[in-house]
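*Asks:* Chains as they are written, first to last, in this note's numbering: chain A, 1 to 810; chain B, 1 to 146.
These aren't lab readings, by the way, just hints derived from the structure by calculation.
Heads up, some of the hints might be wrong.
Per label pair, the in silico range of CB-to-CB distance [said to hold, decoys possible]:
{"id": "1", "chain 1": "A", "residue 1": "THR198", "chain 2": "B", "residue 2": "SER101", "range": "55 to 61 Å"}
{"id": "2", "chain 1": "B", "residue 1": "LYS127", "chain 2": "A", "residue 2": "ARG449", "range": "42 to 48 Å"}
{"id": "3", "chain 1": "B", "residue 1": "VAL68", "chain 2": "A", "residue 2": "LEU283", "range": "48 to 54 Å"}
{"id": "4", "chain 1": "A", "residue 1": "HIS310", "chain 2": "B", "residue 2": "THR108", "range": "33 to 39 Å"}
{"id": "5", "chain 1": "A", "residue 1": "THR198", "chain 2": "B", "residue 2": "PHE54", "range": "35 to 41 Å"}
Model, not experiment: these values are computed from the prediction.
Glycine residues also receive a C-beta, built at the ideal position from the N, C-alpha and C atoms.
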Amino acid sequence: MPQKAELVVEKAPETTAAFKYMGTPVKVAEDLIPLQGKGQYLDDVEIPGTLYMAYTLSPYGHAKIKKIDTSKCLELPGVHYVLTGEELKANMDPYMQIAPPPSGNLKDYPLAVDKVRYYGEPVAAVVASNAYIAEDAAELVDVEYEPLPVVTDAEDALKEGSPVLHDSVGNNLVWRGVWDLGDAEKALKEADYVVEDTVKTHRYAAVPLETSGVLATYDQSVDTITVYSVNQMPMFSLPIICGALRMPPSKFRMILPPNVGGAFGGKIINFTHITVVAYLSKLLKAPVKYVENRSENIMSGTHNNERIFHVKLAVRKDGRVTGAYMKAVDNCGAYPRYEPAGAVIWAQVVPGIYDVQNVYVDFSQATTNKGPTGPVRGYSRIQHNFMWERMMNRVAQKLNMDPAEVRRLNLIKAEQMPYEGPSRTIYDGGDYHKAFDTLLDTIEYGKWREKQKEARKQGKLIGIGLSAVIDSGANNFAQVKIINPHFPASGSMEVGLVMIDQFGTLVARTGTTDQGQSHATTFGQIVSEVFNTGPENVVFQQGFDSISNVWAAFSGAYASRSAVMAGTALYYAAIRLKEKVLTIAAHALGELESDLEAKDAAVVSMKTDKKLPLGDIATLAWLDVNKLPEDMEPGLVSYAVYKPDFTYNMPDEKKRVNNTLTYSYAIHGTVVEVDPETYEMKILKHGVVSDPGFMINPLVVEGQEMGATLHGISAALMENLEYDEDGILLTSNFWDYLVAGAKHMPDIDMKTIVTRSTSSVLGVRGVGEGGGGPIGSIVNAVEDALQPLGIKLLSSNLSANELYSKANKK
Amino acid sequence: MKFEGSREVNTSAQAVWDFLTNPNNMAECLPDAKSHEVVDDKTIKAQLKVGVGFIKEVFDSTISYSEVTPDSKDMKIKIDAKAKANTATINIDVHVDGADSAAKLQWTVDAVMAGRLASIGQRYISKVSDKVIEQAFECMMSKLAP
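Excised from the complex, chain B in its bound form (with noise of 0.2 Å):
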């Protein structure tokens, strides 16, 4: 499953970008956590619940960075994601740009999910990510306010 989108941040692009690129800001982001571990620079441990129509697990994550790029403000993130009889691997590219108080965050989602919540739940699973995108940005948001 694939999807992509993008949002307009009132600040500059380098300020995203360094939120972005902390764990420990991110992982204080994540939505529905019910822990984080911050493992190191570059890898996040959490557990997740994700509810999609009736059927709500609680996925243990491995959030890890790479290929990041802080000339071009691109990175990418992958997630693998793990609960009872469901699976999911994330694979987000990210990219930053944009002027001093107006940013641009744009995203392309290749995810893969397998188990219970991808077939009974499919037809539900871009509205709960895009429940999901906005509550991590309105967090980001908020910690990147003044």
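Next up, chain A with everything else stripped away, as it sits in the complex (with noise of 0.2 Å):
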């Protein structure tokens, strides 16, 4: 089996043909396993002989540690280790840093060493006979500790004489950028209208139904730890692993269970946990299991950026936004474990939906006392997006304009398309306005402001919000060489690996893992069109193996990537592989290559109708070998390694490079209800119409896209991480962190018009994260129900009481 995938140059075939298998609402088989109970997670991985850690955690947001007491925790029967920083420290390197130095000089290490720097950071690891006893012993860790100043807001951290995070830094500044693209200033000064305001977007977690967890254990007799995780992006993050704990790759089995509950982004920066538990079953000779819970999940899983933009946007009298210009801060924690990576993303989408090309960009991103964020559905965009929304609508505001009218107005055309934005991302594709028009019938929006004006007589709050947003998909990593020219990655790459078996059954793999998306049912639909046999004969294998499965550098399902990179890979390898049955059937059959065809789990001849079934193909291919065509190797396996092209594969001196692959759009309309009294918000209508390119399962890309929408709502009305000033996180549970669940979502009309990818092969886009949709369409809605009483909104998130407080203030 073949350990190391190598890169293949391949033209993409032409996928315009209609398909059989592909594009068909194939039921989703492999549900049925988890919500029997049947499913094998992380936690269901047991090892005789295993010990449990649990954390000893940080009461404060930034203190120094004076003095570490373990004699209590050690007394306690069943103990059988306790870690600190400090033994951590003396024993592995600091995590490599992407940002270059001074920032890049900042010390990251899975324990706190010295010093806490965010509510809930793990300071000691203890290790027991069970989960309860290693629970209890972490609280018998005495930790002696001195409060230090605290800062959790990203603009007072980059200001003279604040609290400073790390010393080895010397202030708070991760890094800033500075895109300017066009000419934003001279748009400003030609402009009839100049609209400013200031836009936030709040602090959010992943929350994926199963928590981030690990089971390492270490052989002795080869010098290797096997570690079973939840890591999204398992290949990618070993080197960090394994260059912090001084050890080559090859000495790290990394395994990932067939299951993995959701992951959002949140499964990325999990490798502190990797790290903690390698390093102890390596020093006990024992396996060890970590499994977060739930308050350390939403503590430091993975946040969602907050960020503030100070934006003026340039107008003319029509409603045209001809530039923008704007300052924008990012709040990334107390440790940038994958940032500063979300300080380029954004620029994924740097002029958003529409048609603006001079776009002037102040990115700085600061360390604060709140926990380390990263990739969370929608990384970075889910931001910008934001922005572009509220600032569209304060467009419609200073002009007495529909805020339809303005996005219409502004929106990128048909005929533009693939529309080369100003940071030289390429738009690949698409009807921005007819998927606008599709979603303003579909809520009945002139309809709706009718009842507006109506309800607004009777003293009723009804507001009607849209929101316009691009998701990207498939990243291209040389984005973050913008950072750090040193940064070793570039493009992107998955493999695809299929085989037929001794049998003749279709059997595929890819190194991306699935999380919930029905990888098995969509990547078995791209074998099956390949082969033009049904999904019946083909079996996909779950599970990642840095041993025994397939896997290149940058596997892993995110980024929106596993339809895109994955598909690709396997149709790739599928073709390959298709065309090595060919030549078989056409030796054993004595017929021309050219005459035959793969069909129903056979090979069948157009001119004779003779068949062969894979069978007996596979017969041929693994055991009666001497009957192979003369030279051919024996064998029915096939792997293909898809890099894409992104046309502007690095960036220029102007930052500018085409970050992404794919990029899928949405637009969101929102109808709500503000109870004049209590100010609870209630959605009465909420549409989206998207373009997700050629959808290989239709009913996949219907429950993705369903769930971004509820994590959007969710994110909007419910879910927010909130901390006082002393840097304590006042909502880490689930009766304080509110979730949307089922019974809050709303009736969700939902279209899709398609108009395939011009960048990827299958003509599929990546879709899933969103693009944070309803936030703004949400936002949008509820200040327009509020317009009456003339309460103007900041944030991303709203509440009740925050309503409240505004409308009795004035």
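Reassemble the complex: the two chains are provided individually, in unrelated frames, and hints are given to aid placement.
*Replies:* Here it is in structure tokens:
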């Protein structure tokens, strides 16, 4: 079995023909397994003799560690070991930093060393004979702290005299970059109006159903650590972990169980847990397991970046936006573990969905005494999309225009596709106007405007909000070179393996891991299409294993890439395998390859109707190998590594690069009613019109988009990671941190219009993250509802309390 | 977290002052104390049980007096408290004044809470502190009563 993929260069095949198996709503068979409780998740993996780990957590937002006394903890029967940051520091290197010095001088360890920098930061790791003892024992670690001044706001963190989190950096600036694209200054000078405002996005969490976890075991005989984890980018995380632990990746086997219970970006920076558990398993020569509890996941799983924008838009009298000038300050929390990638990833959607070529962005990112941030469903683009959608409403207010009309006027036109944005992103087709108008029809926009007038006469607060967002997919790692030209990664790749077993069953594997995205069904349809055979003849093998499965260095399910990247790799691998199958069949049947076709788990001759089942071909290829064509290698295994061409593959001196391969888009419309006494908000109607490109399985795409919509509704109306002035997280459990569930989901009217992606081989676009579409439409709708009260909103999160306070202050 | 309060007492300011500055009196009026020990005339060590919502913790606490100024009847009380996964540092400024039979006791509190209790129970802490103060006050009144 090939361990290491080799790069291949292959011309993309013409894929405009009608498909038979792809594009159909095949029911998702694999969903039944977890629904019946038969899934194999991380915590279901058991090894005899396993010890369990629990963390002692920081009770402070910022404090010096004066002393750690582990004696009481070690006295508790069942406790095996207590690990502190000091011991780790002596035995590992700090994690590599993406940013160059001075912020690259930051020393990041998985356990706090010398001081704690956020509430809930792990300070010590206690290992015991069971999870209950470990948790009790963790509270017996006696840590003496000296509280330090706290900074939780990113703009405050960048001010002179602010408390500094990392002494080795000297200040709290992680990275600052200026994008000067087109001529925004000129646009502002020549504008009829300059529309100016501040927009703020709030902090919320990824909240996967299954929290992060690790099980590590050390095999002394081969000096190898085997780790079971749920990491979304296992082969990208591996060098980070192995670099820190000073061991070669080949001595570290990474396995993911067949089922992962959601991730949404929140299972990338969990490499800190993997490091600690792997270290302990080797030290104690025993299997060690750790599974985050819900509070730990909320406190330090992964937080979405808070960001504040100070924006000026150059606007013509007719409502056309000709330029944008903004300062953005991003709050990345205490440790930039995936950051400052977010400080450039927003640039995937520089003009949003609008035709604006003059954009100036001064972007800074700061560390603060809050939990670490990283990718959360729509990483870094949500903030930028939200900014555009709030500002489009401000333009409408300034010009006394309908917000729908302002948007329609500024949308990129279908004839401009593929559209090259000011930062050289290439929007890969679409008809934004068609989608927009479809949305207005879907939510009955005109009718609701009339209803709103009547409702206001009766003292009712009804509002209508729109939001048009871009959701990029399949990232180009070269964008990180904008931050650090020496960052050793660029482009993207994914691997697909297709084989036929000895009995003739098609088997597929890839480097991405399913977290609930229905990979088995979707990828099965791709292989079915190539072999022109039903999905019942294809087995997709879930799970990941760095020794026995295929992988490429960027393998993983993140950045809305699985269908685009793994789907294409599997498509190529299947085509290659089919070529070999046809060659064997032609030899066996005495026919010309050009007269043969694959069909219904067999190869048939279009000329003579002769038929050779795949099972017979497999027998020849695997067993009866002397009957193979001369010089042909036995076996029926094919794999391909797909490395897309982004056209603008590397950033230039103006930071321009095509940051990602596909750009799906969605238009959201929300009608809300706000109770004039309690200020509770109720969604009366929510519509979405999206263009995911070609849909391999429309049911799967619908599910992804439904989930992203619910996540956005939840973010706007419920989820908020709220810290007090001392850096204490006030919403660290499901009692205080409210998450929308099925019962909170309003009826969603979803429609798709399909235009094929001009960039991806299969014509698909990455979907599932959703670009935070509902957040903008809900906030715009609520502000519209409150218009009679003159209430202006700032943040992406709304609460009845806040609205009540604003209404009663006036 | 900062808060302040005052209470009028139907006795002399000097009697209230004398009561407050005597650690033995104070130790006996510590609400929900599982144990206490008067270390010296300015220090008490105690185990205090505090419940906020469903979280109940026993805090190992050191209560110390400083800047005791009999002339103006001002003093500072500092409470350093520590429990599993929770810590609290509470600084209280106390002032007593008023006429012979109508003393007025005023206090300002600056509390820094850290840990699970601060995170989960913060919105209830002011209610809990009101209850604790009320308990302490009732105790003092009963001991001051003739």
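*Asks:* Now, for every hint given, state plainly whether the structure supports it.
*Replies:* Hint check results:
{"no.": "1", "hint": "A/THR198 x B/SER101: 55 to 61 Å", "verdict": "58 Å, holds"}
{"no.": "2", "hint": "B/LYS127 x A/ARG449: 42 to 48 Å", "verdict": "46 Å, holds"}
{"no.": "3", "hint": "B/VAL68 x A/LEU283: 48 to 54 Å", "verdict": "53 Å, holds"}
{"no.": "4", "hint": "A/HIS310 x B/THR108: 33 to 39 Å", "verdict": "38 Å, holds"}
{"no.": "5", "hint": "A/THR198 x B/PHE54: 35 to 41 Å", "verdict": "40 Å, holds"}
Consistency with the previously given hints is maintained throughout, with no hint failing.
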